[in-house]
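Protein chains in written order, with the working numbering: chain A, 18 to 145; chain B, 18 to 145; chain C, 18 to 145; chain D, 18 to 145.
One or more hints might be untrue.
Intra- or inter-copy, both count: the list cannot distinguish identical chains.
What the hints assert, rightly or not - In silico DSBU-like cross-links for lysine-lysine, where the CA-CA straight-line distance does not exceed 35 Å:
| no. | residue 1 | residue 2 |
| --- | --- | --- |
| 1 | 85 | 135 |
| 2 | 75 | 100 |
| 3 | 134 | 115 |
| 4 | 132 | 100 |
| 5 | 134 | 100 |
| 6 | 130 | 85 |
| 7 | 100 | 135 |
None of these hints come from the bench; they were simulated from the model.
In case you want the letters, here they are:
There are 4 protein chains.
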Amino acid sequence: MFNFSLKVYYEDTDSGGVVYYANYLKFTERARTNMIQDLGFTLNQLHDDYDCLFIVKKVNCEYLQSAKLEDILEVHSKIIQVKNASFELEQNIYRNNKIIFQSNIIMVCVNTKGKPKKIPENIALLLR
Amino acid sequence: MFNFSLKVYYEDTDSGGVVYYANYLKFTERARTNMIQDLGFTLNQLHDDYDCLFIVKKVNCEYLQSAKLEDILEVHSKIIQVKNASFELEQNIYRNNKIIFQSNIIMVCVNTKGKPKKIPENIALLLR
Amino acid sequence: MFNFSLKVYYEDTDSGGVVYYANYLKFTERARTNMIQDLGFTLNQLHDDYDCLFIVKKVNCEYLQSAKLEDILEVHSKIIQVKNASFELEQNIYRNNKIIFQSNIIMVCVNTKGKPKKIPENIALLLR
Amino acid sequence: MFNFSLKVYYEDTDSGGVVYYANYLKFTERARTNMIQDLGFTLNQLHDDYDCLFIVKKVNCEYLQSAKLEDILEVHSKIIQVKNASFELEQNIYRNNKIIFQSNIIMVCVNTKGKPKKIPENIALLLR
């Protein structure tokens, strides 16, 4: 389980007074970037040294409560399954220990030309 | 079926060279706004006259091909089901008549305090 | 003078109820992209065939009135001066023929490695 | 002087491979929000208890170097001048102690209806 914390700024909200719905996906992406970095890699390294990018293939998400300006949110990311060329995550967002957003996300490993490729072995090991 | 066309600008892309994945949800939201307006309502009217907002409850989507800078995209929106307080849409995005993104979205009708409410009758009629 | 029209969507607004201040710069960039295209070039062509990108060097802007959800805005772009490796624009935004935002923007021509370069002659001619 | 640190994510970049130019303004806004909070106020408090918002009136900025994916940036914010209903900031962005963006920003105090108003006295004191 990887935890990532963030604050909600004006840029994240819309005139409905709450966080704009697409921006929860930004929050999960920030969490995934920090997860990769916590595993000991940078996105730039993956790109330059491994000819490898992880791109989102599928998102399945539900909005439970609205986040608001100045909220402190926690993204909890959990790897569910690692396959040859893809992996699956559960990423839920919490405010004050209460879940407000849940998502299931499938990431695919591609080379820098966008073709699917096997996840490099040492990265797959860490993801597992 | 409602069609909405848009152009991809720098703001929509990321350093992977393609449209940032969360921005496809912005595109579907622009399409929904225009769909509501085509039905004869404005979002402001819904808010002020009907005490009603449509918010996204669930998204289920798949990324098939990457959109790029200057692409012209078409969002095809189709209402699948209208219930008392919610409706379901299929929103697919096309480039040159080829599908690149597909989504299934559930919208909920809420009042301006965020409480779920019945979809106003004349709007429900038009959605059906 | 180049005119470009746009609609304000939820994504452009913030919880203050108006368009988020950084997004006016997005609007001016959309207008510049369309201006380049109206001159007969695409950004991709500039990049691929001319090894050339225009990047923003300076912005000087003033916010006069707030734009709101569903507003229709007009961006008026006027080239003020074309130099060897840069050009200067005045880009003002109007709602119902009333100015709400004014900006003065300096663009620099760079190659794809980010080094400043002379504006290609046929483009410079058209900008003038 | 208030310092605020941030990381550059995919969402901040564009297909030019660098941070999208409007997003530097997001970074300065995050810094201003944290500055206000460091002074002992929340934006929600200002809104609810003081009927007061600070909105951007003018931006004057220069782009010196491009920020990239995964960069760690520092926003240095310095209040230059506090007037009755407005204040002026210098906000510069650094990477590895080298300046990459500089800006001069004028903020205006308005009430929740958007009308300019005097900065509440205890806040003005702290800003000074």
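Consistency of the hints with the structure:
In this assembly of identical chains, the alpha carbons of residue 85 and residue 135 lie at most 35 Å apart only when taken from different copies (24 Å versus 40 Å within one copy). Taking the shortest alpha-carbon separations for residue 75 and residue 100, both the intra-copy value of 15 Å and the inter-copy value of 26 Å come in at or below 35 Å. When the C-alpha separation of residue 134 and residue 115 is checked against a cutoff of 35 Å, the pair qualifies only between copies, where the shortest distance is 24 Å, while the shortest distance within a copy is 37 Å. Taking the shortest alpha-carbon separations for residue 132 and residue 100, only the intra-copy value of 16 Å comes in at or below 35 Å, while the best inter-copy value is 41 Å.
Proximity of residue 134 and residue 100 under a CA criterion of 35 Å is satisfied intra-copy only: 11 Å inside one chain copy versus 43 Å between copies. Taking the shortest Cα distances, residue 130 and residue 85 sit within 35 Å of each other only across copies (13 Å), while inside one copy they are farther apart (38 Å). Within a single copy, residue 100 and residue 135 get their C-alpha atoms as close as 9 Å, which meets the 35 Å cut-off; across copies the closest is 44 Å, which misses it.
Hint check: no violations occur; every hint is consistent with the structure.
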